[in-house]
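Construct the entire structure; sequences and hints are all you get.
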Amino acid sequence: MKSTVYTETLSICQRHADRLVWAMQAMEKHLPFSADTLGQLTDVEMAILDQFTVRFAKLQDVMGAKLFPTVLDLAKEPGGLDAFVDKLNRLEKIGAIPSAEQWLMLREMRNAFSHEYPDDPDMQAAILNKAFSLAGELLATLRAVEAFASRYV
Amino acid sequence: MRLTAFQVSQIQQKVPMFFGEGSHVWLFGSRVDDGQRGGDIDLYIEPKIQDATALVDAKLKFLLEMHRVLGEQKIDVVLNRRKHDAGLPIYQIAKETGEMLL
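Residue numbers (the numbering used here), protein chains in the order written: chain A, 1 to 153; chain B, 154 to 255.
There could be a bad hint or two in this list.
What the hints assert, rightly or not - Facing chain B, according to a computed beta carbon distance under 8 Å, are these residues of chain A, among others:
(1) Asp18
(2) Val21
(3) Met109
(4) Asp119
Stated by the list, open to error - With a Cα cut of at most 27 Å, we get these calculated DSS-like pairs of lysine-lysine:
(5) B:Lys248 - B:Lys167
(6) B:Lys227 - A:Lys130
(7) B:Lys227 - A:Lys58
(8) A:Lys66 - B:Lys227
Source of the hints: derived by calculation from the structure; they are not laboratory data. Cβ atoms here follow ideal geometry from the backbone N, Cα and C, with glycine treated the same way.
Here it is in structure tokens:
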């Protein structure tokens with residue numbers, strides 16, 4: 001039962017991850033972004049950037065809210081860890097995620113997308129460059145969790 | 154203004170730490186209205202640091218630190234790195250209706 005919940009949650013994460021990777025590969029030739037190159041993107045490329053931010057946010061949400069608790073459950077870590085930070089520290093300690101601190105940074109990145117700085121294209125470019133680099137860490141975290149949990153399913 | 158003395162002192166301490174000495178910060182939005190309850194902490198910041206890449210890093214690290222000291226509290230940061238530009242209406246609104254903390 002526990003492992004079914006985990007497998008289903010993982011497959012949701014994997015779908016978001018696949019779309020995220022696709023968007024990243026489609027935009028790779030434009031990296032690093034600048035105010036100039038952002039201004040030259042086609043409508044389709046702008047839509048791909050939207051896909052990037054949406055899938056980053058969804059993957060980050062599902063991992064934090066659903067995948068992490070099911071992994072703690074699978075590993076039979078005692079319940080009662082109410083604060084999210086406690087859950088993260090436990091996940092780091094048992095080796096399921098590379099770093100609790102890094103995860104908190106990914107969460108801040110996910111929330112920072114809501115500010116688009118329409119008057120400041122240099123800031124838009126800087127946010128996207130940072131987001132692309134953190135997306136690599138997000139995907140690496142998913143792979144680490146998957147490798148850790150594989151011994152329990 | 155609906156912030157505790159601790160919240161105010163943390164904002165006053167951490168803004169220059171991450172955005173550079175000489176940065177300015179205003180609290181705006183629902184938290185300046187004593188008649189409301191709860192709500193996000195909306196901060197408008199005119200940072201000393203002007204480099205866009207360094208500012209993105211500063212913003213993420215500032216929010217990480219604020220969440221560490223203040224807990225799971227929704228904090229919104231609006232950055233305006235061009236002080237002399239009229240810019241977006243929200244900048245003007247934040248300064249006119251907000252309360253300068255630093």
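So, going through the hints one by one against the coordinates:
no.	hint	result
1	Asp18	26 Å, violated
2	Val21	22 Å, violated
3	Met109	6 Å, holds
4	Asp119	5 Å, holds
5	B:Lys248 - B:Lys167	20 Å, holds
6	B:Lys227 - A:Lys130	21 Å, holds
7	B:Lys227 - A:Lys58	18 Å, holds
8	A:Lys66 - B:Lys227	20 Å, holds
Checked against the numbered hints given earlier, the structure breaks hints 1 and 2 and satisfies all the rest.
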